[in-house]
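Generate the whole structure from the sequences, applying the supplied hints.
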Amino acid sequence: MSDGQAFFPQARFGQTLRRDHWWVQPLLTFLGLSAFIVYSTARAVHGKHFLVAGDDAQFLLSPFFSPLLFAHAPHNVHAWLGEFPGWMPQWVSPAFLILWAPAGFRFTCYYYRGAYYKAFWADPINCAVGEPRSSYLGEHSLPLIFQNIHRYFFYVAALFIGLLAHDAYLACWRTQGGVEHFGMSVGTLVLAINCLLLGGYTFGCHSARHLVGGGMDELSQAPGRHGCYNCVSSLNSRHMVWAWCSLFWVGFTDLYVWMCASGVWKDIRLF
Amino acid sequence: MGRVNFQIWRGTATGGFQEYATEITEGMVVLDAVHQIQAESANDLACRWNCKAGKCGSCSAEVNGHPRLMCMTRMDEVLKETPPGRAVTLRPMQAFVPVRDLVADVSWNFEVKKRIKPFRPRQPDAADGTWRMAQSDVDRVQEFRKCIECFLCQNVCHVLRDHRKHDEFIGPRFLVYAAALEMHPLDVEDRTDELRKAHGIGYCNITKCCTKVCPEHITITDNAIIPLKERVVDRHYDPFGSLWRWFHSTDKASGGPSS
Amino acid sequence: MAEFQTHEHDVLVIGAGGAGLRAAIEAAAGGVSVGLVCKSLLGKAHTVMAEGGLAAALANVDERDSWKVHFADTMRGGQYLNNPRMAELHAQEAPGCVHELESWGALFDRTRDGRILQRNFGGHAYPRLAHVGDRTGLEMIRTLQDHGIHQGIDVHMECTVVELLKDGSRVVGALAYDRERGRFRIFRAKAIVLATGGIGRAFKITSNSWEYTGDGQSLAYHAGADLMDMEFIQFHPTGMVWPPSVRGILVTEGVRGEGGVLKNSLGERFMFNDIPEPYRKSTSDTPEEGWRYVTGDKNARRPPELLTRDHVARCIRREVREGRGSPHGGVYLDIAWIKERIANAPDHIRKKLPSMYHQFMQLANIDITAEPMEVGPTTHYTMGGVRVNGDTQMSTVPGLFAAGEVAAGLHGANRLGGNSLSDLLVFGKRAGAHAAQYAKAHGSGAIDIHAVDTAAQKALAPLDRTGGESPYQIQQDLQEMMQAKVGIVRQESELQEALVELDKLKARAAKASAPGNREYNPGWHTALDLTCLLTVSEISARAALERKESRGAHTRDDFPDKVAEWGKFNLVFRRGTDGGMVVERTPLVPLRDELKQVIEEHK
Chain A
0 MSDGQAFFPQ ARFGQTLRRD HWWVQPLLTF LGLSAFIVYS TARAVHGKHF
50 LVAGDDAQFL LSPFFSPLLF AHAPHNVHAW LGEFPGWMPQ WVSPAFLILW
100 APAGFRFTCY YYRGAYYKAF WADPINCAVG EPRSSYLGEH SLPLIFQNIH
150 RYFFYVAALF IGLLAHDAYL ACWRTQGGVE HFGMSVGTLV LAINCLLLGG
200 YTFGCHSARH LVGGGMDELS QAPGRHGCYN CVSSLNSRHM VWAWCSLFWV
250 GFTDLYVWMC ASGVWKDIRL F
Chain B
0 MGRVNFQIWR GTATGGFQEY ATEITEGMVV LDAVHQIQAE SANDLACRWN
50 CKAGKCGSCS AEVNGHPRLM CMTRMDEVLK ETPPGRAVTL RPMQAFVPVR
100 DLVADVSWNF EVKKRIKPFR PRQPDAADGT WRMAQSDVDR VQEFRKCIEC
150 FLCQNVCHVL RDHRKHDEFI GPRFLVYAAA LEMHPLDVED RTDELRKAHG
200 IGYCNITKCC TKVCPEHITI TDNAIIPLKE RVVDRHYDPF GSLWRWFHST
250 DKASGGPSS
Chain C
0 MAEFQTHEHD VLVIGAGGAG LRAAIEAAAG GVSVGLVCKS LLGKAHTVMA
50 EGGLAAALAN VDERDSWKVH FADTMRGGQY LNNPRMAELH AQEAPGCVHE
100 LESWGALFDR TRDGRILQRN FGGHAYPRLA HVGDRTGLEM IRTLQDHGIH
150 QGIDVHMECT VVELLKDGSR VVGALAYDRE RGRFRIFRAK AIVLATGGIG
200 RAFKITSNSW EYTGDGQSLA YHAGADLMDM EFIQFHPTGM VWPPSVRGIL
250 VTEGVRGEGG VLKNSLGERF MFNDIPEPYR KSTSDTPEEG WRYVTGDKNA
300 RRPPELLTRD HVARCIRREV REGRGSPHGG VYLDIAWIKE RIANAPDHIR
350 KKLPSMYHQF MQLANIDITA EPMEVGPTTH YTMGGVRVNG DTQMSTVPGL
400 FAAGEVAAGL HGANRLGGNS LSDLLVFGKR AGAHAAQYAK AHGSGAIDIH
450 AVDTAAQKAL APLDRTGGES PYQIQQDLQE MMQAKVGIVR QESELQEALV
500 ELDKLKARAA KASAPGNREY NPGWHTALDL TCLLTVSEIS ARAALERKES
550 RGAHTRDDFP DKVAEWGKFN LVFRRGTDGG MVVERTPLVP LRDELKQVIE
600 EHK
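Protein chains in written order, with numbering that gives the first Met the number 0: chain A, 0 to 270; chain B, 0 to 258; chain C, 0 to 602.
Do not take every clue at face value.
Unchecked claim - Mimicking DSS-like on lysine-lysine, the simulated pairs with C-alpha atoms at most 27 angstroms apart in a straight line are:
#1 K67(C) <-> K595(C)
#2 K350(C) <-> K211(B)
#3 K503(C) <-> K547(C)
#4 K262(C) <-> K297(C)
#5 K547(C) <-> K211(B)
#6 K79(B) <-> K113(B)
Said to hold, decoys possible - Non-contacting residues of chain B with respect to chain A, defined by C-beta distances greater than 12 angstroms in every case (computed):
#7 Q17
#8 A38
#9 H65
#10 P117
#11 D136
#12 W245
Since the hints were made in silico from the structure, they are not lab data.
Keep in mind it's a predicted model, so treat the numbers as computed, not measured.
Cβ coordinates follow ideal geometry from the N, Cα and C atoms, glycine included.
In structure tokens:
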């Protein structure tokens with residue numbers, strides 16, 4: 000650096016010469032993510048009306064509660080772990096046992112990290128705008144060094160896409176007089192779109208991109224992986240869009256099932 | 000477009016803004032305005048520039064608070080974002096020690112580059128000493144090699160700009176540089192350990208400001224930094240992956256997998 | 000002496016573009032200590048602006064290519080005024096230099112089988128230009144820079160040399176000032192390599208960066224070296240013409256190499272109307288054939304848009320003069336039309352010409368995939384410069400070497416596109432190697448402190464003077480005068496006027512004053528650049544006046560034809576013992592018989 004010369008003083012929080020509405024973007028992120036966190040937590044605690052099943056109805060399971068862990072009265076359907084165990088406190092919602100996985104995936108997601116560091120931690124609040132703190136650790140040391148486990152969450156999230164696809168498949172059936180019929184309703188489409196959007200988000204993950212081929216320098220030597228890499232890259236280039244659309248839709252899917260299960264809305268049958 | 004007012008930073012860190020006015024005509028860029036002011040009213044106004052065609056990356060500065068190349072920023076665009084009656088502000092990059100007026104001391108960047116292990120090619124592929132590479136593999140690295148070293152990404156990166164981690168973090172420009180070397184089809188050097196420690200890749204918290212200011216439209220964060228972070232994860236933060244790759248590696252003698 | 004910081008190197012390289020960096024790397028490899036001085040930051044030199052490619056007969060795309068064809072093409076392009084030894088070495092050594100660049104990390108575009116891809120360019124018989132999209136120069140300088148920083152070279156950035164220091168007949172150092180603080184520095188060296196580029200900033204419309212003020216030519220001239228071929232200044236046919244502030248910025252020949260066509264306001268492809276005799280056999284006569292050529296048909300002949308630059312520039316000038324120009328005084332260059340021929344034309348154009356696409360989009364609001372560009376000639380390259388030995392690149396002053404654009408000889412009366420980048424590598428390397436050799440064979444000379452003091456006083460004069468004229472104004476007037484009177488087409492009366500004007504400008508420059516202090520003061524820097532600009536402008540004007548014929552890049556309205564007699568010598572300028580300018584007609588470097596035969600075979 001120049002001899003005897005000094006840096007400019009550090010900008011104060013919010014100090015900038017930018018003339019645009021730089022605060023809009025972090026504010027929208029803050030509101031969007033907060034709204035989802037509040038809604039999903041509330042729904043998890045609520046723990047009811049997440050399943051539509053029974054005679055003459057499409058089988059619809061809310062993604063917040065998928066897979067179906069415990070048998071759910073009054074429906075007599077197959078659950079992974081059978082009856083709700085007596086030793087478990089009643090306030091434990093099955094969603095608690097499920098939501099940590101997608102939440103962890105999104106929390107460690109490269110897109111969301113950048114977004115919530117800005118919106119929730121003002122680090123920085125936006126580009127070329129002053130910050131509230133002068134100390135900084137980044138993801139270089141504890142605690143945020145744990146963000147590096149993202150790929151493990153990806154593995155789990157990828158399994159969930161399989162489960163949600165299965166849910167969408169189940170939603171293509173309804174029981175009429177004890178006989179299963181193929182058919183679709185708006186609910187079927189809602190679940191299918193949910194699976195599609197979450198799939199687009201999950202398989203466009205930066206870690207996935209690395210794992211399928213990004214780690215290689217000469218992909219042309221492995222045509223199969225090259226093809227996968229191109230697909231993932233193409234999803235990845237719109238990762239933010241997938242992230243927000245899938246986030247909104249998974250919330251909406253839950254809401255749809257909730258409303259149908261509680262009888263507020265009626266699932267419209269298509270055929 | 001008529002006469003336009005400018006607030007231009009004069010002096011060093013302890014300097015201040017001074018007001019100038021000059022006539023703006025169709026097609027002018029910010030650098031034209033600076034040159035005109037230089038010729039008309041401030042002969043000694045310091046400003047670094049070379050090609051005036053967006054290819055050399057010398058005229059980096061902050062126009063209305065946005066890090067930009069002055070030669071590629073059109074005055075009509077700038078005026079659109081400047082409220083009527085207000086002046087267009089010009090100041091030097093903030094992440095470096097200022098030299099004078101619009102010139103910043105960017106020599107730190109040149110020192111950083113020397114710390115990164117240089118290119119080391121594999122043995123030539125053909126008897127005549129040449130190599131064979133597929134265009135698709137070259138494409139990925141060519142994106143990074145578009146970099147004109149304007150250092151706008153370094154300037155906007157809050158790790159350097161606000162937190163002054165110049166000693167611990169090499170900044171987006173040199174992460175792109177390291178990515179170009181690491182992903183080079185011929186390169187056999189390994190820089191993963193340095194990236195984690197000496198180069199401080201973990202300081203990047205992927206807020207993507209670097210990508211937004213890049214005049215060459217290099218997707219710095221998604222294509223260079225995150226893939227490098229993933230390579231660091233491969234080596235240091237993925238025990239199961241390491242084990243898996245070790246079992247599947249043909250050369251177990253090398254002691255562990257590397258990409 | 001106390002006030003001067005002194006640096007000592009075996010070899011001092013002035014200029015850090017392609018030639019300077021290559022020379023420094025080679026000198027360092029020769030085991031001597033090397034200093035590299037550059038006016039800008041490292042890696043910002045004008046080489047970054049080279050777009051089209053790097054000519055080397057690799058024969059990757061067309062196996063008929065060889066150094067002999069490249070040599071013959073270079074000589075024909077230069078109208079046989081070239082130094083044949085340089086043209087020969089250049090053609091022979093360029094492929095090796097390209098491979099060397101690759102081994103240092105350069106990533107050229109590839110052929111299907113993974114070798115270096117080559118593209119067509121004006122005047123080259125076969126696809127010969129190794130390239131990286133349209134940013135080949137950037138790739139080259141970055142590769143050299145990134146390799147160079149690990150070779151133990153001392154780089155002095157933002158440092159301008161104002162005078163070469165001599166001990167007797169030999170150069171032994173240089174006086175420079177650092178731009179940041181304005182402090183003088185003495186560089187002691189056993190050998191000096193000039194690699195400072197051209198003189199384009201002497202003209203108003205130019206594709207050259209501000210650094211191109213003819214420093215090397217001027218330093219060499221004042222140190223007593225010969226300058227040669229200074230009348231040959233290349234005007235690139237396609238520079239931007241609108242908006243005014245970007246006038247002159249280069250539009251790469253690659254646009255035409257990819258199928259771009261030139262049209263006048265009548266929509267006519269006027270280049271078909273005037274194909275010079277020597278090229279008639281190798282030029283297509285239908286648009287159809289031209290298109291087949293640019294798409295790689297080896298049996299097709301080149302479209303007339305790819306004729307040599309001097310010719311295309313003159314044709315454009317003619318169209319504009321005769322009222323068939325575009326609204327802003329240029330002609331149309333259309334690449335968008337290829338959508339009639341290929342399916343994904345816009346993507347193809349963006350991929351092949353990315354910086355052109357952005358340049359027009361950003362600076363002129365024009366989408367080149369949809370509409371034609373407006374283009375016109377722009378000052379581009381100086382064929383002339385310091386006269387050097389073809390093998391060693393040493394000038395007529397012992398210990399003073401020159402490489403790249405600042406040196407004369409390789410290109411003769413006109414340069415082929417793509418030959419400049421290869422020139423930088425081949426002769427940068429040679430200059431570096433021979434400078435190192437020279438430094439090893441000779442001891443340090445003595446620095447004449449009196450000369451240093453005088454030079455420093457002279458350099459400080461504009462700062463000390465008050466109330467003088469602004470150096471910016473003088474520079475601007477010089478550029479306008481040179482553009483008008485020593486431009487693309489010259490004539491006796493205008494050149495005479497130019498010399499008178501130059502005298503006046505010199506007198507004004509001697510009284511110019513730069514307000515402010517020594518720290519990063521561009522007004523002062525401009526005042527110092529004026530000395531160089533005025534020297535090279537005068538030599539160019541005198542040379543243009545002297546050469547009473549039209550040949551290559553030099554066109555005289557009053558002598559429109561090529562004259563055989565004038566093809567036998569080069570014009571050489573040097574400073575006489577009385578300080579005046581001496582001009583001399585020096586016979587061409589003789590052409591060896593086997594080279595004569597090569598030329599005959601590839602006529």
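Practice prompt. Enumerate the violated hints, using their earlier numbering and listing them in ascending order.
Written response: Of the numbered hints given earlier, those the structure breaks are 5, 6, 9 and 11, listed in rising order.
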